[in-house]
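Engineer: So the sequences go chain by chain: A and B.
With this note's numbering, the residue at position 35 of the first sequence is 35, and numbering never jumps.
With this note's numbering, the residue at position 211 of the second sequence is 211, and numbering never jumps.
Treat the hints as calculated values from the structure; they're not laboratory data.
Among the hints, a few may not be true.
[Unchecked claim] Quick list of the computed label-pair ranges, beta carbon to beta carbon:
#1 G69/A / A506/B: 25 to 31 Å
#2 G421/B / V146/A: 52 to 58 Å
#3 S337/B / V140/A: 52 to 58 Å
#4 F58/A / G421/B: 38 to 44 Å
#5 H472/B / P154/A: 40 to 46 Å
Glycine included, C-beta positions come from ideal geometry on N, C-alpha and C.
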Amino acid sequence: MNTERSSAPSRLDPEPMARRDFLGLASIWSALGALAFAAIGMIRLPKAAVLSSPSKKFRVKLPESLVFGQAYVPPGRSVAVFRDAEGAYAISLVCTHLGCIVKCGDDGFECPCHGSRFSADGGVLKGPAPKPLPWRQVAVTSAGIVVDDAVTVPAGTKVKA
Amino acid sequence: MSDLTPSPSGLRAFVGNLAAAPRRFLESAFRTGMPRTDRTRSTFVFGNVFLHLHSVRTHRWSLRWSTTFGLGLAAAAAFLVTLVTGVLLMCYYKPYPEAAYQSMKDIHFVVPTGRFIRNLHRWAANVMVVTVFLHMARVFYTAAYRKPREFNWLVGLGLLAITLGLSFTGYLLPWDQLAYWAITIGANIAQSPRELTDALGVTGSFDPGGLQRQLLLGSDVVGEEALIRFYVLHVMVLPLLLVILLAVHFWRVRKDGGLARPADADRRIGPPPPDTYPVFTEAPTRTYHLAAVVRGRTEMVGRGPENTVPSMPHLFYAELGVLMVTTLLCLALAMVSDAPLKELANPMVPENPAKAPWYFLGLQELVSFSAFMGGIGIPMIALIGLGLIPYVDTEDRGTGLWFSGSSGHGLVVQATLVGLGAAIGIEAVAIRFGWLREWFPDIPQLVITFINPGTSLAVIYGLFSIWLVLRHRSARAGAVGLFTCFLCGFVVLTLIGTYFRGPNWAFYWSPSDWPRH
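Build out the structure end to end from the sequences listed, making use of the hints.
Structural biologist: Structure representation (structure tokens):
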């Protein structure tokens with residue numbers, strides 16, 4: 001039996017990591033990786049690609065009797081449409097705090113849920129709302145006023161007929 | 001073949017076997033006979049799949065009424081009641097917006113016993129929430145979360161979160177005004193990280209709040225997708241998670257050495273009263289030491305006689321008692337008080353005031369200052385703080401004793417005063433004088449997000465606890481202070497949200513002062 005050690009690595013020397021240990025670890029980690037990948041894939045399913053809510057764009061016919069600066073809320077919509085000397089404009093009625101529908105008062109908006117109060121142009125006066133009520137895009141066409149509840153425009157944007 | 005020839009004796013044997021079948025069925029089901037001796041009392045426990053979670057003998061300390069007040073088991077019993085009544089309600093409930101409300105009306109007015117079963121479901125859920133909180137307080141104040149029970153404390157926190165999740169998802173299902181607006185608010189709390197990302201101007205590229213809300217609702221409004229998702233969570237996902245965690249929780253109680261008790265429990269509890277079933281009637285003449293097999297120290301070496309009694313009957317009768325009292329409580333509440341059902345959900349007109357179930361009204365009070373900090377920030381801080389407690393408090397004085405023994409009473413009283421005082425004081429300021437938005441209308445939202453009555457309260461509680469740690473040179477003192485303050489804050493905010501908030505979330509001394517409309 002040769003007891004002399006040669007400097008060249010011998011196949012009889014122990015490996016730094018046993019081959020089976022390496023294969024075992026590799027298979028465990030690849031299985032965990034595949035699991036993580038599958039878990040991310042599973043979140044894709046509940047995240048809907050198409051939202052089922054009705055179209056955000058709709059046509060409004062303002063009543064002739066509507067006074068300047070008085071809110072008109074189209075049935076089933078959470079947007080207030082106004083008209084004054086400078087034109088028509090629309091302000092969202094969804095509170096920027098936690099999504100309740102604000103009430104239109106004489107000189108602004110009031111949220112029933114946590115008491116936020118907004119001025120007539122949607123600015124926050126009081127309460128927990130973090131942002132002013134957003135103004136929505138309005139287009140005046142021959143068929144009437146078209147409001148897009150998905151498009152925000154800078155506050156004060158009024159459209160002349 | 002000749003064995004099969006009919007004979008009068010064969011027929012007699014058959015009739016005899018038939019007559020003995022009931023007795024032999026019982027013998028085969030309960031394999032060890034009546035629990036009358038030490039041996040059969042033991043086999044009664046470990047020979048039964050439902051009971052073998054218990055140990056065969058129970059320490060007398062664990063059986064003292066004041067050790068647990070049976071709170072953990074009461075929570076589990078309330079869960080069993082909701083499970084049974086919930087399955088019954090599923091016979092009629094239809095998870096689709098208008099149909100859901102109609103089926104609730106059917107259950108309420110038409111289905112035989114429907115109203116009672118629904119009341120029972122609702123009250124058992126309430127009892128479960130209360131007992132889970134009380135159970136947590138019991139474990140905390142007896143310092144029963146300490147080594148080796150740290151992990152089970154975390155499992156318990158998970159169970160608390162799932163319990164609240166079950167309540168929240170169940171709240172939407174009636175599809176009435178109360179349900180609709182509570183869930184609208186809840187879903188927007190999930191979206192409230194936007195308050196932060198908006199202030200930083202990164203919502204366009206990084207919007208975790210929007211993603212959370214969309215995953216929860218499946219749409220951008222609370223509609224049919226939201227209802228079916230909440231239904232699946234309520235009847236399938238969360239109960240399953242709860243049962244799994246509950247199994248781990250129970251199993252760890254056993255593996256961590258039963259209920260926590262002080263090191264000198266035997267001396268404190270004294271000898272058993274003479275009428276107790278005697279300890280070790282058939283005393284073994286030899287002791288077998290399993291040191292080679294059992295990991296860790298063997299507890300009984302070098303001790304006097306064990307202060308344990310057989311679990312059958314002592315523990316099981318006590319448990320049966322807790323189960324019966326809890327069920328009785330739920331039944332009584334369901335008989336005297338009906339679960340509410342308001343008018344059909346109307347997405348155009350919010351309920352005013354729109355109130356969540358009472359145990360979320362403390363949170364609702366906090367979100368009325370800042371949606372993100374109140375709904376996500378402070379609850380996360382509270383949960384992380386609670387989870388850290390067993391890893392920070394590594395002392396061993398007073399384990400298993402209420403308030404760590406009588407010396408801890410003063411500390412708890414002091415913390416209660418600070419906790420109540422700070423919460424009431426800050427609320428009084430916010431109600432009487434308003435907050436930063438009213439004083440400086442143009443103040444950036446980020447300032448209000450981080451400096452509001454809720455966060456101020458959390459900071460006061462934190463500073464008080466740090467002061468306690470320094471003063472008493474004890475992490476346990478700080479933990480007691482923080483936990484007591486947390487409980488006091490929870491109670492004060494919940495009471496204000498429940499009784500003193502009216503339309504527009506304004507402060508009223510009594511609902512009779514609410515404006516009529």
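Engineer: Confirm or reject each hint.
Structural biologist: Checked hints:
1. G69/A / A506/B: 25 to 31 Å: Once the Cβ atoms are compared, 26 Å apart, the range 25 to 31 Å for A506/B and G69/A holds.
2. G421/B / V146/A: 52 to 58 Å: Given a distance of about 57 Å, which is inside 52 to 58 Å, the answer is holds.
3. S337/B / V140/A: 52 to 58 Å: holds, 56 Å
4. F58/A / G421/B: 38 to 44 Å: violated, 53 Å
5. H472/B / P154/A: 40 to 46 Å: violated, 58 Å
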